[in-house]
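Position chain S relative to chain B; hints supplied.
Chains as they are written, first to last, in the numbering used here: chain B, 19 to 794; chain S, 6 to 251.
No lab work stands behind these hints: they were computed from the structure. Mixed in with the good hints, there may be bad ones.
Claimed, not checked - Below, computed lysine to any residue pairings styled on SDA-like, alpha-carbon distance capped at 20 Å:
{"id": "1", "chain 1": "S", "residue 1": "Lys129", "chain 2": "S", "residue 2": "Ala117"}
{"id": "2", "chain 1": "B", "residue 1": "Lys422", "chain 2": "S", "residue 2": "Asp140"}
{"id": "3", "chain 1": "S", "residue 1": "Lys113", "chain 2": "B", "residue 2": "Ala419"}
{"id": "4", "chain 1": "S", "residue 1": "Lys129", "chain 2": "B", "residue 2": "Arg112"}
{"id": "5", "chain 1": "S", "residue 1": "Lys114", "chain 2": "B", "residue 2": "Asp707"}
{"id": "6", "chain 1": "B", "residue 1": "Lys436", "chain 2": "S", "residue 2": "Gly80"}
{"id": "7", "chain 1": "S", "residue 1": "Lys113", "chain 2": "B", "residue 2": "Arg424"}
{"id": "8", "chain 1": "B", "residue 1": "Lys422", "chain 2": "S", "residue 2": "Gly80"}
{"id": "9", "chain 1": "S", "residue 1": "Lys85", "chain 2": "S", "residue 2": "Met73"}
{"id": "10", "chain 1": "S", "residue 1": "Lys113", "chain 2": "B", "residue 2": "Leu231"}
{"id": "11", "chain 1": "B", "residue 1": "Lys436", "chain 2": "S", "residue 2": "Arg142"}
{"id": "12", "chain 1": "B", "residue 1": "Lys438", "chain 2": "S", "residue 2": "Lys97"}
{"id": "13", "chain 1": "B", "residue 1": "Lys243", "chain 2": "B", "residue 2": "Trp224"}
{"id": "14", "chain 1": "S", "residue 1": "Lys97", "chain 2": "B", "residue 2": "Leu231"}
To be verified - Listed below are several chain B residues computed to face chain S (Cβ distance under 10 Å; list not exhaustive):
{"id": "15", "residue": "Arg424"}
{"id": "16", "residue": "Glu432"}
{"id": "17", "residue": "Cys435"}
{"id": "18", "residue": "Ala700"}
Every residue, glycine too, gets a C-beta built ideally from N, C-alpha and C.
Single-letter residue listing:
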Amino acid sequence: MKLLLNLVRKDFKRNRVITTALAVFLILSALLMAGGLRVAGIMISSLNGLNELAVPPEYLQMHKGTYDEEAFQNFVETHDYIKDSQIVKMLDIRNANIIYQSETLENCLMDNGFVIQNEGFDLLLNMDNEIAVVQDGEIGVPVYYAEELGIQVGDVITLHEGDYRKELSVSAIIRDASMNAALTSSKRFLISQADLNEISLHMGVWEYCFEFLLEDGSSTAVLEKDYIDAGMPSNGVAVTGSLLSMLNNLSHGLVAFIIIAISILLIMIAVLCLSYIIRATMAEENYTIGEMKAIGFPGKAIEKLYQMKYIILVLLAGVIGYLAAIPFGDFFSSSVIMYCGYGTGEWMKWLFPFIGVILLSLIVMLGCRRIIRRNLKSTVMELMRGEEKIKREGHYSLPSAGLKHRNLTIACGELKCKWKEYAVIFFVFIFSSFLILLPMNMKNTIENPSFITYMGVAECDIRIDIQYSEKLAEQKDAVQSYLENDSEIEKYAIYRNGYVQLQNADGEWEYIRVESGDESVFPLEYLEGNAPDDSKEMALSYLNASELGKEVGDSLRVTYQGEELLFTVCGIYQDITYGGKTGKAAIDFEENDVEVYIIYLDVYDGVAIEEKTDKLRSILTDSKITPNSEFVSQTLGGISDNMSLVEGAAIVISLLLIVLITVMILQLITAREHSAIAIKKAIGFANRDIRIQFGIQILMIQFVAIVVGTVLANFLGEVIFGWMLSFMGVSKITMLVEPVTAYLLCPAAQLLVVFITVIVGTKVVRNYHIRDQIIE
Amino acid sequence: MIKVEQISKSFKDTQILHDISFEIKKGDFVAVMGPSGSGKSTLLYSISGMDSISDGRVLFEEINISEMQEDELSGFRLTKMGFVFQNAQMLKNLSVFDNITLPGLVAKKQSADDIRKRASGLMKRMEIEGIEERDIREVSGGQLQRASICRAMINNPEILFLDEPTGALNSGATDQVLAILEDLNRDGMTIMTVTHDQRVAAKARKVIYIRDGQIAASKEFSVCADRERELDEWLKGFLVFDSVSN
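Looking at chain B on its own, in the form it has when it is part of the complex:
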């Protein structure tokens, strides 16, 4: 054993660069494997933990206006599948009346409600995931605002309405299992009962959440139907628990998914590289192995000797990778930890990466053993002559017209013969380019205002939401009459949103949200078909159509106010709002059934959208007015921020990867080509020429790889991104690419990094000399 360790130590000393590069590669693989699994472990633990501790409702119906509490209690008692229920009183306060650091929350898209702590379930937790308790004069602020506005414990939130002012000191940051996600449009502030009573005397509108927990195996669809059929209060949004968890999971899961996907891809590349490196280094060792066999070293002992080196390396890399994965994983989990806490299964973040590192180590060790055993099968003479190497390469011809560009001609010719040697680096370059561009393109797409088209809405400048009021129609009329006379408004359209019942594939009736209005003013791009033209047509969102099994041209049974209507599906569009299940049809909703009026408008060119928004906000004080771009960025804010982190990490990892692989490949190839290098030098090529030839080969390969990677990022990226978003209701997404960055800056940066690496990595050419080829 001591002898083996001594030999390994000497081998490390002799092949310092390759061994170091191999070690870095193994560490990177272990880090990514462990890091990705740590993120997954933390995410699962966090989301599960929050749900276990906070117990969010499985069905939630918002309601504004009066209601009959006795009827509600009767409903609960007469339905056995309801395990528990509660009515949460929420005081909605307009964003313009909430002040933080002298600024109102008017620019925020969220609807803000003030509540007291619940008793049974749907609990609001503090940052230690304990049930949050606030005293009089204190307030618990949703973690969303802590992240977005930087609100901290000790800060002051002021509520004001006319002469009334109430200052509340922030005593807790609140995790809300139901409304945590940026994708959820409501947020809850926790205050004391006394403060709630006091504030409600001066400001706000009461809204009620009718919340349910169901017995195991019960369906929310059944409850939803029974609830509406029983005429229970329903002036507001109804949300299922699964939709809430999906929104929560999406906000954090999308990023974790991307990291894990990147990690898996990187590990595949790492294993490919390792296998190449081990084969290449073993090929260099063939002569020594041959010598050992010649003097009678047993095969097992040789196998042990070479395996020992890789076992030591992989174990070392595993330990370092595992330890480095702790800050790496925590960095990428910071968002989910912030929003959900560490959860109840913290063991997962330790065990998952451990299993990952062990698996990686096993893969490497088994791979090594296989390659070493294969090499040992050769005879002594085959090993010493390096016959295997000779068989593979082909020929190239020098051009008959002469060598106008000698280095270019020779580089291309050799590349033609030795392209197999560059296959790994080619794939790594493709992968790096893909890895840099994919998150970048995704982020660009998400941040682009045209992303609104995936929210079931056509592009517009500003949207106005009129909801949660008992005087919706009056408000709508007031807004309309203003818009009619505003010369800066180019066009606008009013859409009414309400619910109808629709027969699903199982023949059951389900409620879906339908938008009704003139679809021609702001035409939406349809996946299939067109917008509804007349009262007999209905367009369905992609998720709705998929679940109902409907295609364009199919008929659809719908009931509204007890009357059965027959529609034809005229089009299918993409929508990630309301759980992706919406419809568009010319349904003449009665005023009482309208849940929300949404007005989309465009301003004339030259009118500043931000300024116009501020002006409208000051005039139409009862409505929520949001620029389109802000609507998208706030709705997808969390995802976009996390994507920035992923984008940064992807760039760093990719560049590190290309530097590493270039150094390693150059080391291996120059070592393999030492004879050719020495011959070229002997017949009159300068060191510079040979270095240029290597540079041309590597950069040519990289150039092609970047083109392939960019094309893949565009086309395959759309498929991947579309697949990720398909859970939200998007099936086909067009990746929006920022051309200067994607097609110029990124390739240039990658080529520059490799160019510099080649300059450094080919210095070794100076050391090869013809005299070393000659056995005296």
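Chain S only, in chain B's frame:
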């Protein structure tokens, strides 16, 4: 043509060449002999500028090549010198013919057509026609060594350096190579070779015997029929000494 003035070379603490001086005149055929490890090949590479020297200077037609930069030297070697090594060192991915023409195409002293014609002519002279398009692994050692000489001659160099040119050849191939070298020298080509082989040295007009990095002796031989025997006599003393020392 070449003046070697007190050159020394050391590597780490080992002195490989020590204070060596001699001259090679145009048309000379110089053979360097000596026991293994005596520094013969190092001397050849130092004179040809392929290896650096620690002290002294090498003047090639009055140009001090010891002071040249690497890139300048490689251009100089390409056009002024030809090299032949013990194991015919050729590029695996080129055919025999392309290996021969490559230095010519790189040097661009002649047109591509002229280079091809010259290569064909040299191959004919070396009697290796018909192997032009063959892979270097598909020809015999003797053919390959003759192809190496063709490559060395492609730019019509002023001097031909050979390092053990027959070391890896059988007796028949050695004879062929020796005949070519003699022929080339007769045509005026300056040749310097390092060799163990007395048959090779016997073709030289001047033999330098190196021991422990120093010139132990040197002798110019007259053109006579029995030069091999004369050389044998001269070498006897050194060989006995070296075998006793070893």
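So, going through the hints one by one against the coordinates:
no.: 1; hint: S:Lys129 to S:Ala117; verdict: holds, 18 Å
no.: 2; hint: B:Lys422 to S:Asp140; verdict: violated, 24 Å
no.: 3; hint: S:Lys113 to B:Ala419; verdict: holds, 11 Å
no.: 4; hint: S:Lys129 to B:Arg112; verdict: violated, 99 Å
no.: 5; hint: S:Lys114 to B:Asp707; verdict: holds, 18 Å
no.: 6; hint: B:Lys436 to S:Gly80; verdict: violated, 27 Å
no.: 7; hint: S:Lys113 to B:Arg424; verdict: holds, 10 Å
no.: 8; hint: B:Lys422 to S:Gly80; verdict: holds, 16 Å
no.: 9; hint: S:Lys85 to S:Met73; verdict: holds, 14 Å
no.: 10; hint: S:Lys113 to B:Leu231; verdict: violated, 88 Å
no.: 11; hint: B:Lys436 to S:Arg142; verdict: holds, 17 Å
no.: 12; hint: B:Lys438 to S:Lys97; verdict: holds, 16 Å
no.: 13; hint: B:Lys243 to B:Trp224; verdict: violated, 25 Å
no.: 14; hint: S:Lys97 to B:Leu231; verdict: violated, 77 Å
no.: 15; hint: Arg424; verdict: holds, 5 Å
no.: 16; hint: Glu432; verdict: holds, 6 Å
no.: 17; hint: Cys435; verdict: holds, 4 Å
no.: 18; hint: Ala700; verdict: holds, 5 Å
When each numbered hint is compared with the structure, violations occur for hints 2, 4, 6, 10, 13, 14.
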